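A.B. asks: Please model the complete structure; the sequences and the hints are all you need to start from.
There are 2 protein chains.
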Amino acid sequence: MAAAESMPPSVHAGALSSAILRVARLHRALAGQLLREVGLHPGQELVMMQLWDRGPQRQVDLVRMLASDAATMTRTIQRLERAGFVRRRVSETDRRVTIVEATPASMGVRRQVDTLWSQLEDVTAGDLGEQDRAEVVRLLDRIEANLAPAVELHPAR
Amino acid sequence: MAAAESMPPSVHAGALSSAILRVARLHRALAGQLLREVGLHPGQELVMMQLWDRGPQRQVDLVRMLASDAATMTRTIQRLERAGFVRRRVSETDRRVTIVEATPASMGVRRQVDTLWSQLEDVTAGDLGEQDRAEVVRLLDRIEANLAPAVELHPAR
DNA sequence: CGTCGATAGTTGTCCGAACAGGTATCGAGG
DNA sequence: CCTCGATACCTGTTCGGACAACTATCGACG
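So the protein sequences, as listed, match chains D and R.
Going by the working numbering, the residue at position 14 of the first sequence is 111; the numbering climbs one at a time, nothing skipped.
Going by the working numbering, the residue at position 134 of the second sequence is 231; the numbering climbs one at a time, nothing skipped.
Just so you know, these hints were derived from the structure itself, not from any lab.
Where hints are given, some of them may not hold.
As the list claims (entries may be wrong) - Chain D side only, calculated, beta carbon under 10 Å to chain R, not exhaustive:
#	residue
1	Ala126
2	Gln156
3	Arg186
4	Val248
As the list claims (entries may be wrong) - What follows is a set of in silico ranges between Cβ atoms, one per label pair, in the way DEER data are often shown:
#	chain 1	residue 1	chain 2	residue 2	range
5	D	Arg193	R	Arg192	17 to 27 Å
6	R	Gly136	D	Met204	42 to 52 Å
7	D	Thr200	R	Arg192	51 to 61 Å
8	D	Thr200	R	Glu249	57 to 67 Å
9	R	Asp219	D	Arg186	45 to 55 Å
10	D	Arg208	R	Ala245	27 to 37 Å
11	D	Asp166	R	Thr169	15 to 25 Å
12	D	Arg161	R	Arg192	46 to 56 Å
13	D	Ser115	R	Leu250	13 to 23 Å
14	R	Thr169	D	Gln209	26 to 36 Å
Model, not experiment: these values are computed from the prediction.
Every residue, glycine too, gets a C-beta built ideally from N, C-alpha and C.
C.D. replies: Structure, rendered in structure tokens:
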């Protein structure tokens, strides 16, 4: 490519990386718009889905399941609690651990979140056929596998 | 699939969406680790690369180029200025606009950022061959095209 | 029983991202 | 010239996300 050599390095670098950035931002933006109607913020719905699916759980399990951060989870749970989506209690067998559970009130939005999440999936996939759809997921999984070992894991994450 | 029907809806929903979330987070995390050595935070490097490649620019052009937010850009630029990577001056022909330019000092890290960015790209692509690489980018571009019209654009964005 | 390392959570801080609201400036039309 | 809408930018606030530092508790080991 003769043209590329005359261009500054930054311009043509990272076609894959920048595609990931753009898609991720749009995806999150759309999630945010859909979640807004339910009163949740992007990220919170993942916690709720975990709790709805698997029942009451230790906070640390949520952290591991969502590959999140202990500090982030603390505050996310605090906000969900303030909003009435979640209840917390200290474990009786181990007073270090906090058990988190979805409130009965939260069950009212469960269906909406499921619907919303599948809308998100549909819009994202859009005109992609069955094969392309499976192909992206497959390739993204490989990319995930490439990135995972390269990312330094931090304590309590 | 008989098994899927007995599972709660949330569990198997959004294979594509969750793949995007996971990849995006790992990608950003790795970018953050690499950028740390240079003293930049994820997102800031994009601004710097724009400035390095295209020279001094109006703040609003940076916003459009990076598909960002005016408010976010304001503060990102403020931080880059405090860190000495960037200089700002008011346009003489239009006193509403701020011209942003990379400082000479910032040129010292340009090569590092370019290197770092291509490392990021390499790790992300990992073992993917030429074809797979092109295929992901192609598919991600289509996903971007699917998402873009669905996202409500906000004023000054 | 007492020490000590590991574990679970919390808080402080800083960052990008987004929304709401506000100010200064510009420019076109009356 | 003056008004008025558009434009460019800033500030306040709230999120998720990440790192650092801290507390409380547990449990194994001497």
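A.B. asks: Does each hint hold? Answer for all of them.
C.D. replies: Right, here's what the structure says about each hint:
The closest approach between the C-beta of Ala126/D and any C-beta of chain R is roughly 5 Å, which is under the 10 Å cut-off, so the hint is satisfied. Nearest Cβ of chain R to the Cβ of Gln156/D: about 19 Å, over the 10 Å cut. The hint is violated. This hint is violated: Arg186/D has a C-beta 23 Å from the nearest C-beta of chain R, more than the 10 Å allowed. At about 5 Å, the closest approach between the beta carbon of Val248/D and any beta carbon in chain R falls short of 10 Å, and the interface hint on this residue holds.
Separation of Arg193/D from Arg192/R is about 59 Å and departs from the stated range, judged on CB atoms against 17 to 27 Å. Between Gly136/R and Met204/D the beta carbon distance is about 47 Å. The supplied range of 42 to 52 Å therefore holds. Judged by the Cβ atoms, the range 51 to 61 Å given for Thr200/D and Arg192/R holds: they are separated by roughly 54 Å. Take Thr200/D and Glu249/R: their Cβ atoms lie about 30 Å apart, and the range 57 to 67 Å is violated.
Against the hinted window of 45 to 55 Å, the Cβ-Cβ separation of Asp219/R and Arg186/D comes to about 47 Å, which satisfies the hint. Between Arg208/D and Ala245/R the Cβ separation comes to about 28 Å, which falls inside the hinted range of 27 to 37 Å. Here the CB-CB span from Asp166/D to Thr169/R is close to 22 Å, well matched to the stated 15 to 25 Å. Under the hint 46 to 56 Å, the C-beta atoms of Arg161/D and Arg192/R, about 53 Å apart, fit the expected range.
For Ser115/D and Leu250/R, the hinted distance range of 13 to 23 Å is satisfied, since their beta carbons lie about 20 Å from each other. Hint check: Thr169/R to Gln209/D, Cβ distance near 29 Å, so the stated range 26 to 36 Å holds.
Comparing the model with each numbered hint stated earlier shows that hints 2, 3, 5, 8 do not hold.
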